[in-house]
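Engineer: Build the full structure now, drawing on both the sequences and the hints.
Chains H and E, in that order, are what the protein sequence lines are. The working numbering puts the last residue of the first sequence at 335; the count rises by one with no breaks. The working numbering puts the last residue of the second sequence at 705; the count rises by one with no breaks.
Among chain E residues calculated to face chain H with C-beta under 8 Å, some are:
hint	residue
1	THR484
2	THR487
3	ILE631
4	ALA670
5	GLY676
6	ILE683
Everything labelled a hint here was simulated from the structure, so no lab data went into it. Each residue gets a CB set at the ideal place from its N, CA and C atoms; glycine is no exception.
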Amino acid sequence: MNFLVKLFTGIFSVTFFQSAITQGITLLYGASGEILTERSGNLNMGIPGIMYMGGIGSLAGAFLYEQGTGRPNGWIGVLCAILGCLILSFLGTLIYCVLTITLKANQNVSGLALTTFGVGLGNFMGGSFSKITGTAGQITVYTTGQAFRTKIPFLSDHLGIFGQLFFNYGFLTYLAILIAAAATIFLFRTRHGLALRAVGENPAAADAASINVTRYKYWATLVGGMIAGFGGMYFVMEYLGGTWQNNGFGDRGWLSVALVIFAIWNPSRAIWGSILFGALYILFAYVPLGQAFQELFKMAPYLVTIIVLVATSLRRRKETQPPASLGLSYFREDR
Amino acid sequence: MKEPWVRVVKRDEISLARKIWVRVAAILISLLVCAFFIYAVTRSDPADVYRSLVDGAVGSSRRSWSTIRDTMILLAVSLAVTPAFKMRFWNIGGEGQILAGGIITAAFMRYCGDSMPTPLLFLCMIVSSCLAGLIWAVIPGIFKAHWNTNETLFTLMMNYIAIQITAFFSIVWEAKKGSGTIGIINQKTKSGWISTSFLSGLFGKFNYSLNLIIVLALMIFMYIYLKYTKHGYEIAIVGESENTARYAGINVKKVILRTVALSGAICGFTGFLLVSGSSHTISTSTAGGRGFTAIIVSWLSKFNPFMMLLISFFLVFMGNGATQIASEFKLNESASEVIEGIILFFIIGSEFFVNYKLVFSHSNKKEEAA
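Structural biologist: Here's what the structure looks like:
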């Protein structure tokens, strides 16, 4: 009884909800990007690596700016961070695209190699950047980090608990939800979205309907990769406040891939799914059973994903299946 | 009519010479790019850096044996995922299956290390680690065989469940309270450790020759199993086309389950090799991403066990060498992953030039004219 009281008072609190959202936003970026990618038939296993690259890219961009000027302005820092994030996650995804779309290499293999590369590059630059640029100490961008953490003025502190629950976050949080909503509208309400889904289901049929399969695959994967890169930037800038932790990002990239399954390839479901995953991700800290059992509770999001995966395959409903050509390269002559 | 300036055509026949020179060229170009990367971050002569890379990988007897040991582990995991892979079952859960085998091995070493006679202890460790890996792989296998549940994602999730179970035992068994690590198991008695002085007359006082012999035997077994047995033939057919297999009277579900079980069991066995034969402890990073790298190794070697040996050695050589560079130039040791990634990109990309050819439209016209 005492145990349950402790658990529930912990879970039904403002801080629990807030940290669930904070954890969830990273996953939401990753999942929105990966859903867009997978809808084109590309299973991008490189997403974890791309998120590392986006994170370190944003940090490098802001760092170079803050080092270059005497009195850095936080918002210019934000712009530099976004630019750096976009550049690195674009380049990372481009490698994947060239390998899998143009060179028709195996997607799983290319993706896993990209993850090895991206995670390595992130940790390498995070650990060695200050040495390479000849400055001392840990690489941090305090001013830019604070700008990323700026909450919505007025709304966050004048609406009582409502404001604390919903307006207590930096702008990237709202951008994540906007992007997920926009991706949903794009995929299910526009002509291009329909074409993209057709490419993911049956590229040969799409090709016959004069849809440029290669172009759609490139666009969806590149834009998806850059959205996922924002997840890394969110983690580095808003969650860590503008610094790098070696391997601090952890397995969030794979969790984003899991969230794609949970959301059944629909970004709008990923919005609440990400908050749920965020809650599951931190649930362990609220379970008063000692440190060892807390480790067991950390598997909650993965278990839930397995259950969803099994349930969707058992039900075999048409609307809830993965894109039919997921994981396959398209070569015209193979039809 | 508008004609694209270049077309991609699949090659009908691929000569051995072409297979070799394309890949050698890819590796050479990747080494050049790596040299550029190393120069960009260290600003020292790449030739010097490559020299210290070689030194780091095979510079001393001890370093050479570590390189051999790591090569054998990577080779074992690659061999493990191969049969499933040839059947088009994407077992990317090697990581989890290794850990499952590793945990059980560590448990036997801890609890029975002093009480059991050595042969019995090893028998228990080997059998139970194989079983643990097997179970970890067969769970997704059952769902794949019966309901076509996506095995790539299922096995991936199983990794994290195994990682959390490992984290759980890391705390339950922790050496010092609050450290969260198990420490070296049986450091004094060395019971349950694979001997590192086997055939010391031949290989020197400190060696991993037992690991070497076991995994090379496994490699030959896998070569024969895939190429010359009925099981291997069935795997190839199911991988090519499930419908063909069904017409030929092959019980597809049975083949899937049997192959996945074998794959998982070998992964579990690798967990035993890692814990008993190399690290003598277990942590969440014991498998160290090898389950993923093995997929790449297996794919690049086109399921040929001997090629796997070559590629595993090359990757481990570069990785261990890069770790040395990183420590010499006080860089982060993730440099080795960056280098590994660059090399992999080039080898993966080079497959295109082995399998396809480019036909330019102007050369086409010449042909027509002639």
